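Asker: Chains as they are written, first to last, in numbering that gives the first Met the number 0: chain A, 0 to 165; chain Z, 0 to 165.
Note that these hints are calculated values from the structure, not bench results.
Values in this document were obtained by computation on a predicted structure and should not be read as measured data.
There may be inaccurate statements among the hints.
If chains are identical, the list can't say which one is meant, so a pair holds when it fits in one copy or spans any two.
With a cut-off of at most 20 Å between alpha-carbon atoms, the simulated EDC-like pairs for lysine to aspartate or glutamate come out as follows [stated by the list, open to error]:
no.: 1; residue 1: Lys85; residue 2: Glu8
no.: 2; residue 1: Lys112; residue 2: Glu4
no.: 3; residue 1: Lys93; residue 2: Glu1
no.: 4; residue 1: Lys11; residue 2: Asp90
no.: 5; residue 1: Lys69; residue 2: Glu4
no.: 6; residue 1: Lys11; residue 2: Glu47
no.: 7; residue 1: Lys66; residue 2: Glu79
no.: 8; residue 1: Lys66; residue 2: Glu30
no.: 9; residue 1: Lys69; residue 2: Glu103
no.: 10; residue 1: Lys112; residue 2: Asp98
no.: 11; residue 1: Lys11; residue 2: Glu145
no.: 12; residue 1: Lys123; residue 2: Asp90
Protein chains: 2
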Amino acid sequence: MEQIENATEALKSAFRRHASGVCIITMNDPEGNPVGFTATSVTSLGSEPALVTFNVSRGASSWRALKDVKYVAISMLSQESLSLAKKMSEDHSKRFLSDDWFREERHQIPIFKNVNAILICEVKRFVEVEANAVFIVSVESGLLTEELPSLLYHQRGYVIPGERLS
Amino acid sequence: MEQIENATEALKSAFRRHASGVCIITMNDPEGNPVGFTATSVTSLGSEPALVTFNVSRGASSWRALKDVKYVAISMLSQESLSLAKKMSEDHSKRFLSDDWFREERHQIPIFKNVNAILICEVKRFVEVEANAVFIVSVESGLLTEELPSLLYHQRGYVIPGERLS
């Protein structure tokens, strides 16, 4: 085994070998403008009650909206969402220019059409750790679309699930 | 789109469409006995400093060890770790019976041989939320083995990454 003593290098090398499902997280900023970003850190925290966590950098362009937000939508992406995943991780001023999103009725959260599933969530709290934050949100309801192969991030690129082992 | 009003059903349906990398987390209990479990919630929280989070149920068999533990090893699994992933999510009394693990030198944490990468981590804190906990750990060092296709959990089974889209 190759030993890596530098913690940052160790983390980067190990996570290059770890695949993650790709989501986008969307919300409104305090002025009501749509905000969103791509996240590979979405994970379930428990099903009863239904809780989800995700991690963000407090230096991200979405932080100003996130730190005061009450409701967010978490969308699970599919192979058809590839361009959306890329758009939502690039120039933040260009993320909502096309006609590929709408606002859901209850909280007016912006959501994109071309995704596999959407969870409407209420922010319970966030925990600041160094320059980052862990968000803990509770699920309020969900939307399912036609299911397509899930989008994964792996080895610095996008892939879909392959051979089933078990 | 199909609307799901029940929060637990919404969470389960959405996460069925979300793929996750599979890890095992190992440690010693207060008596020095090896403890470990399969986790699909491991995610990076930041690279400088190198931080990782994972989520657990406080009702899990490993909770007694976890709640007081100082060091854990997080191992990223590969397609060759399939039987390990299954073993570490079944009867906890049978997880360390074979000769497929050893103790690393510095903290004597039990680690398994048949994995893709290992992060040696110090527990910084955990946050209790309902019947669950979010662990925040800092990476101390890493070990890399020969790289094999990563193990994923998706649609209630194990898969490996498939077609690269980008």
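Asker: If a hint holds in the structure, say so; if it does not, say that too.
Answerer: Quick rundown of the hints versus the structure:
1. For a Cα distance limit of 20 Å, the shortest separation of Lys85 from Glu8 qualifies neither inside one copy, at 25 Å, nor across copies, at 29 Å.
2. Taking the closest pair of Cα atoms, Lys112 and Glu4 come within 20 Å of each other only across two copies (19 Å); inside a single copy the shortest separation is 45 Å, beyond that limit.
3. For the homomeric pair Lys93 and Glu1, neither the shortest alpha-carbon distance inside one copy (42 Å) nor that between copies (29 Å) is at most 20 Å.
4. Taking the closest pair of Cα atoms, Lys11 and Asp90 never come within 20 Å of each other, the shortest separation being 24 Å inside a single copy and 32 Å across copies.
5. For the identical chains of this complex, Lys69 and Glu4 are inter-copy neighbours only, at 19 Å across copies versus 41 Å inside a copy, given an alpha-carbon limit of 20 Å.
6. For the identical chains of this complex, Lys11 and Glu47 are inter-copy neighbours only, at 10 Å across copies versus 33 Å inside a copy, given an alpha-carbon limit of 20 Å.
7. In this assembly of identical chains, the alpha carbons of Lys66 and Glu79 never lie at most 20 Å apart, being 30 Å within a copy and 42 Å across copies at closest.
8. Taking identical chains as interchangeable, the C-alpha atoms of Lys66 and Glu30 lie at most 20 Å apart only when both belong to the same chain, with a minimum of 14 Å there against 42 Å between chains.
9. For the homomeric pair Lys69 and Glu103, the shortest alpha-carbon distance inside one copy (15 Å) is at most 20 Å, but the shortest distance between copies (44 Å) is not.
10. Taking the closest pair of Cα atoms, Lys112 and Asp98 come within 20 Å of each other only inside a single copy of the chain (9 Å); across copies the shortest separation is 50 Å, beyond that limit.
11. In this assembly of identical chains, the alpha carbons of Lys11 and Glu145 lie at most 20 Å apart only when taken from different copies (16 Å versus 34 Å within one copy).
12. With identical chains, the CA atoms of Lys123 and Asp90 are never at most 20 Å apart, being 28 Å at best within one copy and 34 Å at best between copies.
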